Amino acid sequence: MTTKRFASGNEAVIDAALAAGCHFFAGYPVTPATEILEAAAEKFPANNRVMVPTEGEIAAIHMVAGASLAGFRAMTATAPLGLSLMSEALSFFSGMTELPGVVVVQQRWGPGDGSLGPGQDGYDQATRACGHGDFKMIVLAPKNVQELVDLTMEAFDLADQYGLFVLVLGDQLLAIASEQYVVPPPCERPPRTVEFGQGNGLVLPELVAVDETAGDFAALERVGRRWEQKFASIERDEPRAERCGDDGAIDVLIVAYGSLARIAEYAMPQLRQIGPHLGEGGLRVGVLRPITLWPFPADDVRAAAADAATVVVAELSMGQMIHDVSEAIGRKPDHFVNWLGGRAPSTDEFATRVAERLGELESGAVR
Amino acid sequence: MTTKRFASGNEAVIDAALAAGCHFFAGYPVTPATEILEAAAEKFPANNRVMVPTEGEIAAIHMVAGASLAGFRAMTATAPLGLSLMSEALSFFSGMTELPGVVVVQQRWGPGDGSLGPGQDGYDQATRACGHGDFKMIVLAPKNVQELVDLTMEAFDLADQYGLFVLVLGDQLLAIASEQYVVPPPCERPPRTVEFGQGNGLVLPELVAVDETAGDFAALERVGRRWEQKFASIERDEPRAERCGDDGAIDVLIVAYGSLARIAEYAMPQLRQIGPHLGEGGLRVGVLRPITLWPFPADDVRAAAADAATVVVAELSMGQMIHDVSEAIGRKPDHFVNWLGGRAPSTDEFATRVAERLGELESGAVR
Amino acid sequence: MKVVAEPSAEALAPHGFDFCPGCGYGSVLLALTDVVSGLQQQPVFMVDIGCVDFMTAHMPGDVLMGPHGRTSALASGYKRMQPDRLVCAIQGDGGFMGLGAAESLHTAVRGEQITIIVLNNGVLADTGGQLAATTLAGKATSTTPEGRAPQHGPPLPFLEMLSSLSGVAYAERVAIDSALGIRRVRRAIAKAFDVQRSGLGLSIVEVLSPCPTHWRMDTVQSWEYITQSVRSVYPTGVLADRTRGTDG
Amino acid sequence: MKVVAEPSAEALAPHGFDFCPGCGYGSVLLALTDVVSGLQQQPVFMVDIGCVDFMTAHMPGDVLMGPHGRTSALASGYKRMQPDRLVCAIQGDGGFMGLGAAESLHTAVRGEQITIIVLNNGVLADTGGQLAATTLAGKATSTTPEGRAPQHGPPLPFLEMLSSLSGVAYAERVAIDSALGIRRVRRAIAKAFDVQRSGLGLSIVEVLSPCPTHWRMDTVQSWEYITQSVRSVYPTGVLADRTRGTDG
Amino acid sequence: MPKTVGTVAIAEHLCKGCDLCVVVCPEHVLAMTDRLNSKGWPVVALVAEGCTGCTLCADVCPDGVFTVYREESRKIEADV
Amino acid sequence: MPKTVGTVAIAEHLCKGCDLCVVVCPEHVLAMTDRLNSKGWPVVALVAEGCTGCTLCADVCPDGVFTVYREESRKIEADV
Amino acid sequence: MSEVLSIVLTGRGGQGVKLSSELLAWSASADGYNPIQYSVYGALIRGGEIACSLAASREDPGVPLRSDYSLMCAMHNDWFDRYYPLLVPGALLAYDIANIDESWLGRSDIDHLGVPVAQMAAEAGDARAGNMVIAGVVARLTGLASREALARGMTEVVPAHRADRISRNLAAVEVGYSWVEHELPDSFAKSRLA
Amino acid sequence: MSEVLSIVLTGRGGQGVKLSSELLAWSASADGYNPIQYSVYGALIRGGEIACSLAASREDPGVPLRSDYSLMCAMHNDWFDRYYPLLVPGALLAYDIANIDESWLGRSDIDHLGVPVAQMAAEAGDARAGNMVIAGVVARLTGLASREALARGMTEVVPAHRADRISRNLAAVEVGYSWVEHELPDSFAKSRLA
Ligand SMILES: Cc1ncc(C[n+]2csc(CCOP(=O)(O)OP(=O)(O)O)c2C)c(N)n1
Ligand SMILES: Cc1ncc(C[n+]2csc(CCOP(=O)(O)OP(=O)(O)O)c2C)c(N)n1
Ligand code: SF4
Ligand code: SF4
Ligand code: SF4
Ligand code: SF4
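Chains as they are written, first to last, in this note's numbering: chain A, 18 to 384; chain B, 18 to 384; chain C, 41 to 288; chain D, 41 to 288; chain E, 7 to 86; chain F, 7 to 86; chain G, 69 to 262; chain H, 69 to 262.
Read the hints as simulated data drawn from the structure, not as lab findings.
Fair warning: this is a prediction, and the values are worked out from it, not measured in the lab.
A hint or two may mislead.
[To be verified] Listing some non-contacts, in silico: residues in chain E with all C-beta distances to chain C over 12 Å:
(1) Lys22
(2) His34
(3) Ala37
(4) Thr39
(5) Asp40
(6) Ala51
(7) Val53
(8) Ala54
(9) Glu55
(10) Gly56
[Said to hold, decoys possible] Distance windows between CB atoms, simulated:
(11) A/Pro202 x G/Thr223: 16 to 24 Å
(12) C/Gln191 x B/Glu259: 53 to 61 Å
(13) H/Gly158 x B/Glu205: 24 to 32 Å
(14) B/Asp324 x A/Pro208: 35 to 43 Å
(15) B/Glu373 x D/Gln191: 35 to 43 Å
The beta-carbon is built from N, C-alpha and C at its ideal position, and this holds for glycine as well.
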């Protein structure tokens, strides 16, 4: 039984959290994720759950880890700059002690305090070790509010399944745009049993115990190899992407994720009309949208690119995902289009920019 | 005029800093970078410079930024876990306000508190995810103490030239191994003139002023485009790599950086002897060593790989640089060898592991 | 007739200030400008993230913004290398005693020779009025819709705590809730710069500043709220004065 | 004959403890074990990074390590969701009042229902004896080879500061410098758990603990140093006790 | 009725209509108008005789709207 | 000379030779030896008659080395 | 894809434009439309430019950032020049006659409708409720939301601590709504109905 | 590459093995060798296993982590089994007769030299200076460092706040050094000279 609602993405996140049986939220406000906290402040206590407005991001992520250790589904929400502050703890709790947890990250563009508008320049941070050391977190990238709801709920499942933190990587557009969505009702979820007991009663007996006795490098390496296997299995089983647009052999494949992928999808009708230079009766266009950013759906991207004469990568950044695309397809994509400064294009602008780039095809100029 | 010394890499860093005219050091201890602080505590005051032992990494990096704003060369040193805590500020000061500065990072392996031994799993963090947002820092990777000295000195020049932070990415081996090196004497360096004056008297007038007036997206995008140009010019002008071993067409190219590259170089004689399966009179072997990790020397790697029948990537991590190598050569490298858990191999172990992998060539198995 | 008061914002900001109507931050900026106009040298300002940002472009001196909460450390680094310049960190209460509490505390421990102006408006204003360490008990904010409750703890008397440290040479709390209060803001800032110049240690001025927007009050009510409620939790006055060799 | 004292470490750690000779941490671990043996339930321990790590494997209860300095927040998150369990954060002074000062402070502000044991050995010991907030004036450390000087500030009386907060239900400082002192460690920890059980707020026990290694003294000198020098800066005793409805 | 010994100039485009000056003016010579300035805020005006040039309005206005004039002969200093 | 009413068992392998027990023992019946244990630390020994079973050594030993025995009849409780 | 009605409301934050847009979106949703609503604004807490995009459809409304608005409500000069060119031919500009300089209304391929916002707000007894008047005007012009839906929407979008404003707001909505009903020729409304 | 002398010293942290290794490396450097020195140890502050690798050459010493040691000094059982197999045939094991179980010395392809460390330390008047004795033994066995170089090296590697130990340490070094000179057949030393 689900309810239909109309609200902003940020408010929807909390509906999803309640539905997923999340019982603990701690956080510190930051644009454009603040309304997630505010919704939690309203709805968590009302649903008999705990919401702690903390003095900062570091306290928040540690409290989330504590609640997770207590067996409960727990989460926080922030922007990339808050994620930076959480990165040490994420490495510890997700990477080393393998506690489950969820962080919703609404991207605004820019380094430092950057801008307040949408960006996708948190991709590198989210996908490659937010924080130090050999570890990975699953990164889910919704394209609209409904998917934000669905993936937030699923994030809790994946976190429990693999014992790690899952990042739901949205952006300012998803955060504040209001849309309709359906969501199940709040669900109470009993705590999972936490396996302290092993060894000396530690949650990560292997590594900590090993550190103790110091020189036991073989044991340390064993832990590393176990993690390597874990991440390899996620890379095998969890990549997810969606392809839409024209089937079969196409002229142009656009690779984009999140809000920008959605814009690309709606720009397809316009793009089809810019055909004249390139094909009879308009362009054949497709959009390949990674849904998991880590693990990156390299196979899907490679397969889609194989169908396409031209591959265009689009990002709200100077080019971060493009490296994963290059690696997947074994060459530099033909074109890169991007918007910087905290803004997303309208479908018109998107189509126009891509068309401009395609016009460069003759001269062979790439980016 | 230079002096010859014998000391650990950590102590050598401070000799280099003094020689480069660094006048300010702030830091918080963390293995395996602690002796850098301790050397600074001894030598900075003795050379009329300022050393502040702070309450943590966040204070340290902010004080370094303040000293840099005051016009002086300034630095800190840490391990990857301390770098995580500095990442928000680095995004701000290196990415947004474009202040120069140097951070020496001695890698120990592992997420969380990880191990105390050598690692190279700070690669992703250093090259693309140390903090949020669209920005890059130059990352220099020395292979021995002499190069640690030379690159630390050069780091200050690059930082000043481009207006960003430069990371010198070492590891535990480089940190505590003692070696001979030559270093120039301490040099006093007058502060550079800081251009407050522009616009409203701000460092970085563009972005801040723009944020003020909010809706001026075009101006925000202009700032982003200028940064994009800046990073593109560094990617064009600064990549650096070293190739050694056999010339011309070779059987095996090993791509590795830092301490591990050095081990690979010394393992070449042994590797040449494992030839029988593969060539007449032993293998022809080369090592391609990226010296700048960002910008990644993709052209050098591609050129060297073109000469080689087989490409092997070696890392003290689950595989981070390998993605840049893949992207550079347009395919998955043939083999990946790695050591986890905080240890580096002896030359024997290195050669043996590579030989084992090469044995797999017949079956076509890749990693 | 003679001009007897000319605090025109026009010279600072031709189009006016960007604060909300009745926001105390405008008064702080005017007071600061007034004090600086009487100094031999303009200070360097390290501006935190928060509504204080709206001052950035109008500050009477050089400015650098820094990450939220850590401006005291930034300012300390600058001052260590430019001991002859006046250096002033200006931050909201959220940055000063919440996110950046560790850096603020240890700036005080070391007695860094800087001035910190803390704008205490009892909320995290710039992000929309969430709970801050300074929110009064019972007061509703967007993250405590039912009011600040026991589990959130009582308001934090951070300045009182810091004042016990010998590194804090001068600490005064002032309030924007009357003409007299505003004059005292000016006087306290002037004094703080004096202390900095004499090299005695850290000087801090905490300003109780109305935020009618997030307090959900009209401007006059917001003054009354300070007078009647805030001041009783955060008493104004000199909390530390080590300029005379005695503890304040 | 009857066994009258059997604090054998063997049960906890068959090969013995990993602390240096004369390190006070062993005494804390023995005291803690003794107290816990008298409790109905074993606490959950959140262990900071530092020499306290050497306890991790020998704790009388479940354990999670956390990033350096922030164990109080970690423990609070746990306790909020498992209010019936005893939760204890155990950390060095560096983590508690240096790196994690903000988290410690706000744990106290909120009056989280946990116990914090702070091991104050006046240095960052695990990394080799660097300056900590608690290092006595003049004392040499590896980052202050000439001794803690005025620019480093004086030792920080953090527990005194926190004790002024109403969220701190109980705060006591004890010292390992005599048999009596060690018995008081036990008593203070027992009291702190009592307070936690009664739900009155945060309870903190700060233990002045000898670190002969980094103090560069023999073990007996390190006791004398505490008695003669450390205690005069960090007086022992009950700093806050709100269990009787009055402020301590 | 007090004799007018001062007056004020009001930079209307800076005013945000916050009412603080109106409330503090001891002579009650300031009042809020219906007029909106270019930014959409109602603006204050000097609506009666009697300004003494006491500067209280200038002291409290957070937006620096006032310039206060006073006849040379009189001197009023507020106690600080 | 006091009559022996107690004794101690010393878990030598746990001892680190820190000397604290030697110093606090009111009867001066403990002393450091030259013997090194398996970890390389010198170990303490009960070297004379006179132990009263006062437990001070056990109280102060940071490494939990002692088990203290006392004759049932006597009772000494240190004031805490 | 079915027909999409795309609206942009521009003004200054203090005018409450965002609340009107949210009210319209919520109410449209209650009336069976599928709306999407997004605001672009600056860093100021109060005041500062704002543009609220609202797209609604019986099916998929698409994305909120558009270059093909069919209705623009201009409450203020701010950003007028940014969005006026984005109206499609045949679109309607409704503007606050007190705040928009009529000399700017240069396009002949669209319709212009001057709205006496201040006067209607005064009529509703709340000089600051111009935003609500505009919401009523748009709701009726476009047929996006019925009176009932607006009443329900109002209780949703007004924050709990401002609940006392609900009835005053609804009064202002009603003035705008009936103004379109009674004072305007049908042509204005009909062409905009989705 | 010229000949490389590679040494490993194993023991427990508290024994001061690291200091000996640093002393040898520094002194070798002063005597014109190019050494590289690296220690592997655990997390303990005092106590805990340690292995110090020292490679020295007149030219390039290579990397410190090796599988081809020509000399091992074993001060303690710890990690004995890890490094003993890494000695190349013809190498020398020098071991503390008090701490190493002789039943473990199973290799016949290398030489074994029992060193009465405790006895020599006692002779030098400092029971805890076994590490310094060993440094003297190794210095003389290998020819890595002269007496003068060792004296200079000692002032470099002993931390300032422990300067009072320098002369006591040097006395212990001398005991070890002259033990090799006077008590051992030449064969032991000569084969190890680089
Ligand atoms: C690390 C980080 N977290 C969150 C934010 C978002 N943020 C910006 S200002 C602010 C609150 C400011 O509150 P305060 O310091 O009290 O200043 P005020 O706005 O009240 O003047 C927050 C949380 C940020 N910029 N950086
Ligand atoms: C973020 C971070 N910075 C630095 C370190 C390195 N480190 C480990 S323990 C420690 C100091 C511990 O000092 P204290 O908390 O006083 O505990 P002690 O070792 O004295 O018991 C440091 C700096 C770390 N683990 N994490
Ligand atoms: S939100 Fe509050 S603090 Fe910020 S500008 Fe408005 S009134 Fe001032
Ligand atoms: S270094 Fe100090 S605190 Fe750490 S174990 Fe040794 S004596 Fe104890
Ligand atoms: S105090 Fe200033 S801003 Fe407020 S109404 Fe008066 S003149 Fe206008
Ligand atoms: S106190 Fe304990 S560790 Fe120290 S010497 Fe005595 S028995 Fe040994």
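Hint by hint, here is what the structure shows:
Distance check for E/Lys22 against chain C: the nearest CB is about 4 Å away, which does not clear 12 Å, and the non-interface claim fails. For E/His34, the shortest C-beta to C-beta distance to chain C comes to about 15 Å, beyond the 12 Å cut-off, and the non-interface label holds. Remark: the non-interface label on E/Ala37 is consistent with the geometry, its nearest Cβ contact in chain C lying 14 Å away (cut-off 12 Å). For E/Thr39, the requirement that its beta carbon stay farther than 12 Å from each beta carbon of chain C is met, with the minimum near 15 Å.
Taking the minimum C-beta to C-beta distance to chain C, about 16 Å, the non-interface status of E/Asp40 holds against the 12 Å cut. Under the 12 Å C-beta cut-off, the non-interface status given to E/Ala51 relative to chain C holds; the minimum distance is some 16 Å. Non-interface status of E/Val53 relative to chain C is upheld: no Cβ of that chain comes within 12 Å, the nearest being about 18 Å off. Listed as a non-interface residue, E/Ala54 keeps its Cβ farther than 12 Å from every Cβ of chain C; the least gap is roughly 18 Å.
Separation of E/Glu55 from chain C is adequate, the least Cβ-Cβ distance of about 15 Å exceeding the 12 Å criterion. At the 12 Å boundary, the C-beta of E/Gly56 stays outside the reach of chain C, the nearest C-beta of that chain being 15 Å off. Between A/Pro202 and G/Thr223 the CB atoms are about 21 Å apart, so this pair conforms to the stated range of 16 to 24 Å. For the pair C/Gln191 and B/Glu259, the beta carbons lie near 59 Å from each other, so the given range of 53 to 61 Å is met.
The hinted range of 24 to 32 Å is not satisfied by H/Gly158 and B/Glu205, whose Cβ atoms lie roughly 53 Å apart. Taking the beta carbon of each, B/Asp324 and A/Pro208 are about 59 Å apart, not inside 35 to 43 Å as hinted. Under the hint 35 to 43 Å, the C-beta atoms of B/Glu373 and D/Gln191, about 56 Å apart, miss the expected range.
Consistency note: the structure conflicts with the earlier hints numbered 1, 13, 14 and 15.
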